[in-house]
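Student: Got two chains here, separate frames each, mind docking them using the hints?
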Amino acid sequence: MTVATTSPRNQGGYLSRPSPSGLADVLDIILDKGIVIDAYVRVSLVGIEILTIDARIVIASVDTYLRCAEATNRLDLYQQGGQTLPELVEDMGSSAASAKTKGVISGAKKAITGGDGDEERPRRRSSSSSGSRTRRRAEQE
Amino acid sequence: MTHTAPPATTVETATGRYVYGVVRADDGSSAVTDLAGATGEAVTVVVHGELAAVVEAVPDADAVPAARFVRAHARVLDAVAARCSVLPLRFGTVLDSDDAVVEEVLTLDQTRLLATLEKLDGHVQLILKARYVLDTVLAEIIAEQPQVRELRDRTRDLPEEATMPDRVRLGELVHQAMEAKRGPDRDLVLDALEPCVEEWSVRHSGDMNGLLDLAVLVDASRVADVEEHTRRAAQQLAGRVDLQLIGPMAPYDFATDGV
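Line order of the protein sequences matches chains A and B. Here the first sequence stands for residues 1 to 141, where the numbers follow the working numbering. Here the second sequence stands for residues 1 to 259, where the numbers follow the working numbering.
To be clear, the hints were calculated from the coordinates, so they are not data collected in a lab. There's no promise every hint is true.
FRET-style restraints, in silico, Cβ to Cβ [stated by the list, open to error]: (1) B:ALA143 <-> A:ASP38: 53 to 59 Å; (2) B:ASP26 <-> A:VAL62: 52 to 58 Å; (3) B:ALA25 <-> A:VAL62: 50 to 56 Å; (4) A:VAL62 <-> B:GLU118: 47 to 53 Å; (5) B:ASP219 <-> A:PRO18: 18 to 24 Å; (6) B:GLN145 <-> A:VAL62: 16 to 22 Å; (7) A:ASP38 <-> B:VAL223: 34 to 40 Å; (8) B:PRO165 <-> A:ASP38: 45 to 51 Å; (9) A:VAL62 <-> B:GLY122: 47 to 53 Å; (10) A:PRO18 <-> B:GLU199: 19 to 25 Å.
None of these values were measured; they are calculated from a predicted model. Here a beta-carbon is modelled for each residue, glycine too, at the ideal position from N, C-alpha and C.
This is chain B alone, in the form it adopts within the complex (with noise of 0.2 Å):
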């Protein structure tokens, strides 16, 4: 960690600036136009050099729902997305002033800031969220595993705290078999979409009947293409997986390349 160690207050800001994304200063405020953040208040740009940040004048942040930051963050970004290339920044910084907002943003490597923002021209995300069928995966591990059946009979008419360590096993054991079918379920998904994305980030999933979440950089023209090639997915993972597709958005997942 490089910074150093703040001033006692954290967030006194009479006027503070929630700060939504970068965008190219040639960008600027047509960039923002007819925008309305997390407040109703417009939303604004910061411009130094080649870069402008996307900032929204809040009084008091904490005297904001941060439900309606969330909200605004996504459709601020979102809109301005589809207007010109923009890096998203992490949700919920909130600097003190314009001042601030060049220093701790604006200055940050402009090289990189400004090659990124490049690199995402014409180009959006989407997130593709692939979700096992429990039953249908449960029945197979069960059809599969000698042992998983034999645990199950053993456990399943009896109390829990009679039967901890089987139940255990049996937890394990299936953890373990639907770990090992999603390494080829997985594959399956990425080599259909390869053909069509530019990059793929893999997000986190903790979801039991989680396979996939997937973030992916695709050509804006290309969208219907992917949406073909997840639907081809779909149908060979048939009965077994239930695929979701969601966007054109901001690219959050592919804002901090190199950066």
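Pulled out of the complex, with its shape left as it was, chain A reads as follows (with noise of 0.2 Å):
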């Protein structure tokens, strides 16, 4: 993640500058910005496309709920000493339960970064993505 300068994120109201330096956090600037040209669907690199448009998938759904409801009941825990703010704000950013548009993003970061690990050698072209990306052809025709 994103190195922030020194607070513990509980102060809060602090403005910090950091450098993006993680993979996801390059990618989270980059990813489904700038001119498309028309031939983009046949040129781009493997299943990349699909995610950039997965990643407009937005769901407000019951699993977005079910986290929201799940941090308020938590934070009466916190209230009463038996977990730490850290804590908290670390399960809920790997809930599994989470926003659906959140996890499709960060199955594309996934996808791309290859699991967590920087510079890992993706796999080459799956056949579920190859499947993908003739359905994705197939409707534009």
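Tutor: Dropping the structure here:
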């Protein structure tokens, strides 16, 4: 993740000036931005155009609500001294029951980063991704 | 969609061209001097008319880890943007040859591309990320909303399966309450920034604690101003919102105006 300056997260109200260095942070800046050429669909890198389309899906779902409920109930634990805030925040950041959008976007990032490690060699185009390409192309014709 | 059905093959590039962005032909090679791309090869330009594409020859794009392209895309474009006006292309654009770069990129509407390059002259992009401090905002909501309090009391010590409808309702109320808070809090940040930015573009954020993700285009000489204004907003929101300001960087969010 982005390295902020120094303050712990729960102080809040400050301005940090991080330099994105993690792969996910860099991707967050560039993904889905910039000029799209007409031929983009047939020229882009492995699977990436699919990811950018998927990343636009926004669904406020039951999952989202359950996550909010969980956070609210956990806050109570925190107030009773049962859990520190950093734990709470981290748990929510990685919660599997995240909003659909978040899930899709982190899925996109995962596909590109090959998991959480940087510079890992990605797998060659998988059968499932070429399946998606074919499907999208078919929709456009 | 206007493009016609492509040939059956996709990236069969013995010598592909990864395309980073578009600059003026006049800026041409000086824009990319000493820049290495994703494969370590020198970044070059393909010139056509008044425009030039910033490209890297990649023997086999599929063989290069995508992560390297991600990093190179940002690094090369940020470096070029520090030297001259540049329009970033969408990440992941690979074409077959220099000829294809001319055909597919440089013969787009030149007048518009040149006009956008001109608009971007002397400007940089920054990204502002505003995130709620969740414990503070959730505590506000619990204090403000009796129904949230009640539902929380009813569900928090019971197994999830036994209280599902109440949990969904609780989450829905909290979700709505956070959304209601976002309006005025976003306005506060936008009002603080407005005097010192040329344009802004709101980015999507799916984070639960997300308040605002904003790309701003600013005069390069006013970056310190933006920092100062953002700091003031941070003070007004103290304890409730964390702010991050990232950049200067290439104008990723402002390349497509009028194109």
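Student: What are the numbers of the hints that this structure violates, sorted from low to high?
Tutor: none
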